[in-house]
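Just so you know, the protein sequences line up as chains A and B, in that order.
Count along the first sequence starting at 1, add 22, and that's the number in my numbering.
Count along the second sequence starting at 1, add 35, and that's the number in my numbering.
Hint data in this document are derived by calculation from the structure and do not stem from the laboratory.
Be a bit skeptical, because a hint or two may be false.
[Said to hold, decoys possible] Covered by chain A, per the in silico footprint, the following chain B stretches (three or more residues, Cβ under 8 Å):
#1 47-57
#2 67-79
[What the hints assert, rightly or not] Which chain A residues face chain B? A few, computed with CB under 10 Å, are given here:
#3 51
#4 65
#5 170
#6 187
Where a beta carbon is used, it is the ideal one built from N, C-alpha and C, also for glycine.
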Amino acid sequence: MLGIGWALRRVIRSSDDFFLSGRSIPAWIAGLAFISANLGAQEVIGMAASGAKYGIMTSHFYWVGAMPAMVFVGLFMMPFYYGSRARSVPEYLKLRFDEKTRALNAVTFAIMTIFSSGISMYALAKLFELVLGWSFHGSIVLSAAIVLIYIFLGGLTSAIYNEVLQFFLIVLGFLPLVLLGLKDVGGWSGLTAKLATVAANAGFEPGAWSHSWKYMDAPSHNPMGMEWFGLVMGLGFALSFGYWCTDFLVVQRAMAAGSMTAARRTPLIAAVPKMLMPALVILPGMLAIGLHASRGGFLPIGSDGQPEYNLAIPMMLGHYLPTGLLGLGLTALMASFMSGMAGNVTAFNSVWTYDIYQTHIRPGQTDGHYLRVGHAATVFGILASVVAAYSATRFNNILDMLQLVFSFVNGPLFATFLLGMFWRRTTSHGAFYGLLTGTITAALHYGLTLPRGSVPGIKGGFLGAVLHVYPSEMALNFWTALFAWTGCFVATLLISLFTKRTKTDDELRGLVHSLTPRIQEGHMPWYKRPVTLAVGILVVSTILNVIFW
Amino acid sequence: MRLDVRFPIGGMFTIFGVILVVYGLVSSPAIYEKSLGINVNLWWGLVLLAFGIVMLAFAWRAITPKPPEPGPRPPAA
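Please construct the entire structure, taking both the sequences and the accompanying hints into account.
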């Protein structure tokens, strides 16, 4: 089964990137490409790990975080991205501000891709360790070798195409797992009964794992260690808007759409399946921890004495799926890890070679020179990912680490975009020093705080003094993002007021809200307007929040 | 000529479906102890097969010539 998946992927690869060039992509496919860029194995493993570690509160990543953010991108941000004709997010920054802002973003983005690829590498190595029985070190080497070969064979020529394929592979590969798991524990009521034991063992109220809002009145009442304000502002606002509005791997998918209306509709269409994803990715984690508590020892115990939440999905696969369907599940996971790693390393390569090296370090060299630099960057990117993969071993939940990286990169960047797009007075100096301030604020906050039960180091507190201890890693991430956003917002605002504008109104046409002509959609039937879809999405996600309150 | 993305998706799941159904029919019932006694290879294979065929059908319908769509789309801005 693995072999067939592989052989088919090779055939498919030769059909190249017809996808981007085609201006007649059905809207639903563009929408699926948009969420597939985000729904990698990383998300599947990370969300399930969080479902086990934090319970149904993980759904806030979807119904509080992603939904409003995707609606915001579609309705308000897409007109500027699409209208500006920028091909990437850093390019928009260059058009709106200047070269140095773009360079700063390129550097932080490059670091983010390395961590992202490293986290995938760690998860893939864990899977090899479990399936093949190799040592972790051997599995890391194997993963690194595979991704190197994959990239040099040109495995990314039709990235968007593969992503849509993988979307279906993941959905159809994991659905039987969820159905079997639910049947085994006796449906939702059986699961809540098991989760009550989990909550009691951890010293919380019985419903702490199965209610998303009920125990959000104080950080000490729920496993995530958050209260509603920090969650809504840190996750819902700073992190989620930051991620969905500025992550160019994701935004690019919508930029490929055929028209402005199609581009605006892309994130909105994507939001519909996205809304239902928790059933597929969070639920298996909740099932795994329920089984862990009731049957004992379902998840292996890590070196920190905690269950290894990252293994929730692989353990569930091995537990419920027989030979045959197991192959489909593993194919789905591995294909997704590989393209996730390759996508990030390739993005690192292009950002380093074109946005940093060619623009700032050595301009005006031959194409051959840049090609060699690109190859070297790929190898360097993979080696750096190995280092990042080893640092991921400290986290029993890869989503904790991923969100930490996002809180440094996307949190402050969202403040820059918000001011840049909606306030024409925002200056280039303001944007650059604001973004720098935001990133430094994140580092200071992270360096001076620590999640409970951790030693200073990769998880924070490295600046010597620990001023505050958060109840969980995720709580620290949310607050880091919020601090970073605020730091960037305030600094950009103040510096812009005291510096001169470098771009005239004319240059900013199409880049700033007040200087861009309003989009006329009056001629469209009401049900085709993006606003209608947006309202529908928000209503349904509110209903979901209430159901699982 | 460009290929509709639904062709490879449909093709892939049709093949996966057929393999799983065949394997489900010939495999020993003992391996289904894990999956609560349900022959998931057979049943999920049928689901994948149906999904694959539906995708292929849509893709075929899209390339066969058809009368112009009712209500022309407004030109892109």
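Checklist line | Cut-off 10 Å, beta-carbon criterion: hint that residue 51 (chain A) touches chain B | finding: holds (6 Å)
Notebook entry, point to check: Given residue 187 (chain A) was flagged as interface, is its beta-carbon under 10 Å from a beta-carbon of chain B?
Noted result: holds (6 Å)
Item checked: chain A over the segment 67-79 of chain B, status - at least 3 residues with CB closer than 8 Å -> holds (count 8)
Notebook entry, point to check: Does the nearest C-beta of chain B fall within a distance shorter than 10 Å of the C-beta of residue 170 (chain A)?
Noted result: violated (26 Å)
Check: Would you say the segment 47-57 of chain B counts as covered by chain A, given the rule of at least 3 residues with C-beta under 8 Å?
Finding: With 6 residues in contact (Cβ-Cβ under 8 Å with chain A), the coverage given for the segment 47-57 of chain B holds.
Note to self: Given residue 65 (chain A) as an interface hint, is its Cβ closer than 10 Å to any Cβ of chain B?
What the structure shows: violated (20 Å)
Checked against the numbered hints given earlier, this structure breaks hints 4, 5; the rest are met.
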